[in-house]
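Chemist: Residues per chain, in single letters:
2 protein chains.
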Amino acid sequence: MKISDIGGEFELIKRLTKKTKNKNIIKGIGDDAAIIKINNKYIALTTDSLVDGSHFSLNYFTPEQVGKKAVEINVSDIFAVGARPEYALISLVLPRDTNVELIEGIYRGMRQAGEKYNLEIIGGNIAHGKQLVIDVSMIGEAKKEDIKLRSDAKPDDFIFVSGDLGSSTAGLNLFLNNINGFEKLKRKHLEPEAKFYKVKPFLKYINSMIDVSDGLASEVQRICEQSRTGAVIYADNVPIKEETRQAAAVCNKNALDYALYGGEDFELVYTVSKENLNKVKGYLVGRITKERDIKIYEKGIEKIITKHGYNHFLESNK
Amino acid sequence: MKISDIGGEFELIKRLTKKTKNKNIIKGIGDDAAIIKINNKYIALTTDSLVDGSHFSLNYFTPEQVGKKAVEINVSDIFAVGARPEYALISLVLPRDTNVELIEGIYRGMRQAGEKYNLEIIGGNIAHGKQLVIDVSMIGEAKKEDIKLRSDAKPDDFIFVSGDLGSSTAGLNLFLNNINGFEKLKRKHLEPEAKFYKVKPFLKYINSMIDVSDGLASEVQRICEQSRTGAVIYADNVPIKEETRQAAAVCNKNALDYALYGGEDFELVYTVSKENLNKVKGYLVGRITKERDIKIYEKGIEKIITKHGYNHFLESNK
Chain S
0 MKISDIGGEF ELIKRLTKKT KNKNIIKGIG DDAAIIKINN KYIALTTDSL
50 VDGSHFSLNY FTPEQVGKKA VEINVSDIFA VGARPEYALI SLVLPRDTNV
100 ELIEGIYRGM RQAGEKYNLE IIGGNIAHGK QLVIDVSMIG EAKKEDIKLR
150 SDAKPDDFIF VSGDLGSSTA GLNLFLNNIN GFEKLKRKHL EPEAKFYKVK
200 PFLKYINSMI DVSDGLASEV QRICEQSRTG AVIYADNVPI KEETRQAAAV
250 CNKNALDYAL YGGEDFELVY TVSKENLNKV KGYLVGRITK ERDIKIYEKG
300 IEKIITKHGY NHFLESNK
Chain H
0 MKISDIGGEF ELIKRLTKKT KNKNIIKGIG DDAAIIKINN KYIALTTDSL
50 VDGSHFSLNY FTPEQVGKKA VEINVSDIFA VGARPEYALI SLVLPRDTNV
100 ELIEGIYRGM RQAGEKYNLE IIGGNIAHGK QLVIDVSMIG EAKKEDIKLR
150 SDAKPDDFIF VSGDLGSSTA GLNLFLNNIN GFEKLKRKHL EPEAKFYKVK
200 PFLKYINSMI DVSDGLASEV QRICEQSRTG AVIYADNVPI KEETRQAAAV
250 CNKNALDYAL YGGEDFELVY TVSKENLNKV KGYLVGRITK ERDIKIYEKG
300 IEKIITKHGY NHFLESNK
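Protein sequence lines correspond, in order, to chains S and H.
Per numbering that gives the first Met the number 0, numbering of the first sequence is gapless, rising by one per residue and ending at 317.
Per numbering that gives the first Met the number 0, numbering of the second sequence is gapless, rising by one per residue and ending at 317.
Just chain S, same shape as in the assembly:
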């Protein structure tokens, strides 16, 4: 049985997840980062990898940009649970003919990104394989009151996103179609950045949070899955920049699809109770519902999202 036969990665992860027993595990599988308690400290742990050809291409990424991206996507996961990144382990799989300069460039990029966050690389591993893989594991610390989980959305919460969506996917598609110009969008794809600074000022008014690695629809579904809720997404409210729309048009694609299913924007999606609505900033893009469907309203038309709509295994351009 293939992964696509069982409904994709979501279902696979469900099958693989078992209950944990250790009472120091505050949150195991199912969030941007796991959270454990060590004495009175809350420690967040996450791992995410970049695979050559899947997540980057050295045809348009510099080695430094690959390294930066590998760090930023993990930093984003640590921040997404309300923790602060501190240490990283780097596990590399290298083809035998890999150039030393390439690896040094990737490490330089990782260090440059890490410096912004006082992140230290404390260990790693090198193995050999057919394809370059950069796997980063990261740990960070959280104050108890700052911890934000996917599982804490409440029915009637409003859903916000911290910034415009679809620009990274627009950038990717410009590269894939060899289209000149649109440098700003391309840079969004090449140099993604964690966006925690945008939500930090009003963190205490947020109920649940997730970062956008796979598109708004996917992230809202993850929140709903963990919170046992549904949601309505107001598609007409999703912030999409004019240049993203133009780039999508040039590629014969739909900018809203980029935003909903494209991913890698690393903006934050968060839910807020009605009484805190005026305490937060961002773009209001939906509402959490008690009914467990996920619906999208677009120009007055209601659609129900299926799991397959944004399944990794079924996407063509990732």
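Check before you lean on any hint, since a few could be wrong.
Simulated restraints, written as ranges between beta carbons of each label pair [what the hints assert, rightly or not]:
1. S/N117 x H/M0: 51 to 57 Å
2. S/N117 x H/G299: 53 to 59 Å
3. H/L283 x S/I12: 25 to 31 Å
4. H/K40 x S/R107: 39 to 45 Å
5. S/M0 x H/Y296: 22 to 28 Å
Using 27 Å as the maximum straight-line C-alpha spacing, the simulated BS3-like pairs for lysine-lysine come out as follows [what the hints assert, rightly or not]:
6. H/K153 x H/K115
7. S/K1 x H/K129
8. H/K302 x H/K289
9. S/K294 x S/K13
10. S/K289 x S/K153
11. H/K36 x S/K142
12. H/K13 x S/K115
13. H/K302 x S/K129
14. S/K143 x H/K36
15. S/K22 x H/K302
16. S/K20 x H/K142
17. S/K40 x H/K20
18. H/K197 x S/K36
Worth flagging that the hints you see were computed from the coordinates, not collected in a lab.
Just so it is clear, the structure is predicted and the values come from calculations on it, not from any experiment.
Don't be surprised by glycine CBs; every beta carbon is placed ideally from N, CA and C.
Place chain H on chain S using the hints.
Modeler: This is chain H only, laid out in the frame that chain S set:
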């Protein structure tokens, strides 16, 4: 410039390593696991990966055995610094046509191995690639007095190994040459196990320690590198089982080479001061020296080991 041009993985890691600033880092890059301090707790962190075709083959490994091995090699690294494994993150790279049953089998094996150590899987990631890669990150806790580093060997320390070497490499070569029989050796390759229980009773008499993932010569060099010492290895004292010698002979290989350069035995190599010699168990296989060469005495002949002798990138059978 290729990795082999600069002298291999050792030199690469040296180039990539930079000084860390955070004073809570007790040990960064350069040991089996990193060690950080969180409040008054000492936390060990490590990462190690298995790549299909490099570290295992599904032609002779069951999925469960692959999963067990992925856990045991990391458990061994955590134990090698004197810590106790507690939590793991699993990062998978999967080819798109991977069977769900294969992944479930790998996870079953990881859980079976984990249960022995009360290890909990708390998170992970799934990405897509050409080749199956299982990257495990593990964290554990150590008592300050139990921490054993590669860097604490002293000149005149005696070098011990906790058990026989070369059997895993013998097993691998039997598989590669399609030779029947020798089931015990094959099992050593298929089901490696961390050996910490062997040294635990006399841990406090050990100065420095490392686990055997790449052969005795390589591990002794790592200790010397970190401790700024040299060593003499008494090749005639290296414990090699008769069946390992027989299997090597069948494959037209040298059993001592398996022991020195083969690896994956996961026995522990440790150094002990003269005054504690009668407090420890194991096989005495060498001595730490002030002079920084690494010499091997074999049947009265002295050889100096070069870096290339056991370089990953130059080995033919791994």
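Chemist: Now tell me, hint by hint, if it's right for this structure.
Modeler: Hints, one by one, checked against the model:
no. : hint                        : in the structure
1   : S/N117 x H/M0: 51 to 57 Å   : violated (32 Å)
2   : S/N117 x H/G299: 53 to 59 Å : holds (55 Å)
3   : H/L283 x S/I12: 25 to 31 Å  : violated (49 Å)
4   : H/K40 x S/R107: 39 to 45 Å  : violated (32 Å)
5   : S/M0 x H/Y296: 22 to 28 Å   : violated (56 Å)
6   : H/K153 x H/K115             : violated (34 Å)
7   : S/K1 x H/K129               : holds (15 Å)
8   : H/K302 x H/K289             : holds (17 Å)
9   : S/K294 x S/K13              : holds (22 Å)
10  : S/K289 x S/K153             : holds (8 Å)
11  : H/K36 x S/K142              : holds (17 Å)
12  : H/K13 x S/K115              : holds (24 Å)
13  : H/K302 x S/K129             : violated (35 Å)
14  : S/K143 x H/K36              : holds (19 Å)
15  : S/K22 x H/K302              : violated (54 Å)
16  : S/K20 x H/K142              : holds (23 Å)
17  : S/K40 x H/K20               : holds (21 Å)
18  : H/K197 x S/K36              : violated (30 Å)
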